[in-house]
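Chain by chain, the residues:
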Amino acid sequence: MTAAMRSQLKKRSLWKGLAYALLLGLVGAGIVHIVILLLIPSFSERNAWGRLADVADLETMVRIDTSAAGPPLISGTDPAFLSAACRFDLSDGILHVQAPGHVPFWSASVYDRGGSNLFSLTDRSGPAGLLDVVVLTPEQMIDVRADLPQEFSQSVFLELPMSEGIIVVRAFAPDASWRPALEDFFRRSSCKLV
Amino acid sequence: MRTALLALVALSVAIGGGAASVWYALQAQEGIGAVTIGRWTTYPELGTPDANPYLRARVARDGLLALGRTEGLSFVSERDTRGRLIQRRCRYTIRGTLPPARLWTVHAADTGMAPISSAGRLGNSLNSQNVLYDDANSVAIAVGRNPAPGNWLPVSGDGRMLLVLTLYDTPLSGAGGMNGVRLPEIINDGCDA
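Here the protein sequences line up with chains A and B, keeping their order.
For the first sequence, this note's numbering gives the first residue as 1, with consecutive numbering after it.
For the second sequence, this note's numbering gives the first residue as 1, with consecutive numbering after it.
Calculated directly from the structure, the hints in this document are not laboratory data.
We treat Cβ as the ideally placed atom computed from N, Cα and C, and that holds for glycine.
Treat the hints with care, since some could be wrong.
[To be verified] Here's a subset of chain B near chain A, in silico, CB distances under 8 Å, partners left out:
hint, residue
1, 21
2, 39
3, 61
4, 131
5, 133
6, 192
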């Protein structure tokens, strides 16, 4: 074997090794892609729950729209709406969310801790168009059904399969003149365990 | 020595490529699970328990609390009807009829979905109750930095922007509700130099 042949052989095996490494890298990239994707929801501390936990305690309504002071807490909120969120934990009681008074349009959603929307309703969902929602677990529902408290007679009941979650209430402001009335709507709204 | 070098190549391709592809998939406007009507895109499953892993990652990373099915549906457009990216220095007309909904709103947002505010006294959002309709019940909304007669959605600044159209309490969010639905066109009326 001549020296020239030997060097050519060496070169060819180098290219082969590099191609093999790249192929292995691409397969690995696919695996890394899937792993990162599936880990983001459990490792993200800046999810809605985390952002709300930074500014408010459990069972406290906090405004999340753009008109509240500072940058919006939750991105992607509609500037034509005023909205508020309340984190809750049903292990110590059942959640009663109320807002008095009529507004042009309101809607509400219940999310799990990860931000999945489990249930939503609008002002057409309840009697009289008033916001009056009770959130509870199926076990608590059994107790409540046996002896319905008077204060829940007009409420919409939402049964959730877990204890921690977020409820968001949104109210539509047709124009700027509605804002004071809507701010009052949120100031008088309550989110409390009973 | 050579084996170590090749292993390093394989490893960096795997980690770099994997991370970059996730980043790309999450920032793409028309990702997996998107429904497109004209130039408008929506994710009916965003923030629902049926969402795919890409939508779940997006909800977690961006801290979203997406509208529920009963509440409404939000459409985003980053391109005009002719397919060019929407720029703040250009003038656009959003023209057409809107699908059935109890109310709708339209606003401009930056690429991070934060609403673009304008210094003007007018709000930075128009809705079904404060726009003027023409005889055929369709709307024409001018979008741009300079005031326009009729319906005007003011914007400010430079660079790209997104237009967001949200329908509230709409049958579109139900099963099969989006079949045959048309949304307004976004017509470019020229750009400032």
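Checked hints:
1. 21: Holds: closest Cβ of chain A sits about 5 Å from residue 21/B, inside 8 Å.
2. 39: violated, 19 Å
3. 61: holds, 5 Å
4. 131: violated, 11 Å
5. 133: Given a least distance of 15 Å, the restraint on residue 133/B is violated.
6. 192: violated, 24 Å
In this structure, the earlier hints numbered 2, 4, 5, 6 are contradicted, and the remaining ones agree with it.
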